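Colleague: The listed protein sequences correspond, in order, to chains A and B.
First residue of the first sequence: 67, per the working numbering; consecutive thereafter.
First residue of the second sequence: 1067, per the working numbering; consecutive thereafter.
If you're looking for bench data, these hints aren't it; they were derived computationally from the structure.
Treat the numbers as computed from the prediction; the structure is a model and nothing was measured.
Hints are not guaranteed to be accurate.
Using C-beta positions, here's what the derived DEER-type ranges look like [what the hints assert, rightly or not]: (1) A:Glu139 x B:Arg1329: 54 to 62 Å; (2) A:His221 x B:Ala1095: 34 to 42 Å; (3) A:Arg80 x B:Ala1095: 35 to 43 Å; (4) B:Met1338 x A:His195: 52 to 60 Å; (5) A:Thr70 x B:Leu1097: 47 to 55 Å; (6) A:Thr70 x B:Met1338: 56 to 64 Å; (7) A:His202 x B:Trp1289: 24 to 32 Å.
Think about it this way: if two alpha-carbon atoms lie no more than 25 Å apart in a straight line, the pair counts; the simulated DMTMM-like pairs of lysine to aspartate or glutamate are [unchecked claim]: (8) B:Lys1092 x A:Glu203; (9) A:Lys137 x B:Asp1280; (10) B:Lys1092 x A:Asp158; (11) A:Lys270 x A:Asp158.
Examples of chain A residues toward chain B, derived with CB under 8 Å [said to hold, decoys possible]: (12) Arg80; (13) Pro141; (14) Ile149; (15) Gln152; (16) Leu157; (17) Gln171.
Where is the CB? At the ideal position from N, CA and C, for every residue including glycine.
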Amino acid sequence: MLVTMNSVRLSYGRWPALDNVEMEIRQGEFLVISGPSGAGKTTLLRLIWMGERPDSGSVEVSGFRSDRIRKRELPQLRRKIGIVFQDFRLLDSRTVFDNIALPLQVTGTGNRTVQKRVISLLARMGLSHRRNAFPHELSGGEQQRVAIARAMVAHPVILLADEPTGNLDPDVSREVVDLLLEINRGGTTVVMATHDPRQVPAGKGRFLFLDRGVLRRADRWTELDQES
Amino acid sequence: MDRTGSGIMSLFQSSIREISLNLHSKPGARLVTLLMVALAFIVFNTFLIISWNLQGLMNREENTVGMEVFLQRDLSQAQGRVIGDNISSIPDVQSVYFVSPEEAEALFRAELPERSDLLDVMGNDFRLPASLQIVFEDEAMTQGRLSELARQIQAIAGVDEAVYGEDYLPGLLKTVTTIRRLVILLGIVLVSSISMVVFYTVRLSVVRRSLTVDVMKTVGAPWWFVRIPFLVEGIFMGVTGSAGGLLLAAILSKLLSGAVTHRFMPVSWMTMVILLGAVTGTVGALAGSYEKER
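Please put together the full structure from these sequences, using the hints given.
Modeller: Take a look at the structure:
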């Protein structure tokens, strides 16, 4: 298992964000976590990249356990994880190329490798002509593709996408979901949190539904619809 | 992570690049921060200039507190100088100057020209007594020590009288001590205030760029890679802000030099000001980045 959550509970003050969550994510799967705003989707993803630790229970990701991991080991874990956010989180002062290259630069990857990987990803994302542009010069769809490229450049074992289509129009949203599916076909595990699971075609992934911190299972988004 | 030599070199290059990017981003916000730091330092520098001049004034006042030792009239100049040499060897005595009767008369006529007829009335045979003007070390500038020295000197054979301003000295020394204590107290308050201003200004400037820290954290940057650019920025802002404050204070001092006679602060004080800027900037940047990096 790539990710295992055992009896995970997490509260923000009196407010229970996640309640007794049991979950496993297998290598290579496409997992859709759905639920309304405030259901705990983002918290669940934060637990995976250990931006948050559970109050009780444990999270194990690629051999790192939340109750044993040391602070200095967190960067090692995070280098195995790619993260895409709804608001893209691109750095304004850097070009598209530099934003994508960042995860490699922080690990001391040689310049030639950085060039090779970033150029290859730019081509794959259809962004080669935008390599020297700054984030504010890009459309929303382009910004999200840059964010996905940045998440993928260091060859993560798992890609976490937190509402990746939340700020995009339907056509561009479809493109982004197709891109995530394509990445998954390449062997990378993808976990996508969304309030609208219909964006992912039925049969293309496993669907989980979060309702006020409680996780429920479903095989298709239609069942999620009934749940919600 | 690539731990080879080239990997470490690449990481080092990336870190330098990060520092440069950091220093070049948001120039407007950085300028505001620098201005804030510089303004805080102008207030501090003004205080330092006033303190420096006040200290000079007080030192001068203290140096006027010396002792005049009148020698017996029947002594020769050679005997007077021997007494002067003996007094020189007493601890706390900084210098002894022998004033001959001729020099005493010349001084009297120069300093009190309207009273010089008094000397004429006394006739040609009258001579002012020879005297010794004694300057003491700063440490001896207490009423107790001065009166002890006066007693000791008075006891030397050939000394007629030792005079040291017993009437005004206690008041002067008390005033000087009170002013010095006030300056030190005000200095501590100002150093604390300025440290807080620089600390919070730099910290705020770091926190404002929390996105960079968040992104660095999520892509697995080592802690030092995240903090070093902010650390350099903190030192840069602290040093530039304090140096800017010094420059502005120097311009202000120059402009006011016609109206108020004063001296600018010494190089050692200027160095301390820049060091204070560097330290507070560093601490502010570290606190800001630590807060966001947790």
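Colleague: Now tell me, hint by hint, if it's right for this structure.
Modeller: Checked hints:
| no. | hint | result |
| --- | --- | --- |
| 1 | A:Glu139 x B:Arg1329: 54 to 62 Å | 58 Å, holds |
| 2 | A:His221 x B:Ala1095: 34 to 42 Å | 36 Å, holds |
| 3 | A:Arg80 x B:Ala1095: 35 to 43 Å | 38 Å, holds |
| 4 | B:Met1338 x A:His195: 52 to 60 Å | 55 Å, holds |
| 5 | A:Thr70 x B:Leu1097: 47 to 55 Å | 51 Å, holds |
| 6 | A:Thr70 x B:Met1338: 56 to 64 Å | 58 Å, holds |
| 7 | A:His202 x B:Trp1289: 24 to 32 Å | 29 Å, holds |
| 8 | B:Lys1092 x A:Glu203 | 17 Å, holds |
| 9 | A:Lys137 x B:Asp1280 | 15 Å, holds |
| 10 | B:Lys1092 x A:Asp158 | 10 Å, holds |
| 11 | A:Lys270 x A:Asp158 | 35 Å, violated |
| 12 | Arg80 | 23 Å, violated |
| 13 | Pro141 | 4 Å, holds |
| 14 | Ile149 | 5 Å, holds |
| 15 | Gln152 | 14 Å, violated |
| 16 | Leu157 | 6 Å, holds |
| 17 | Gln171 | 4 Å, holds |
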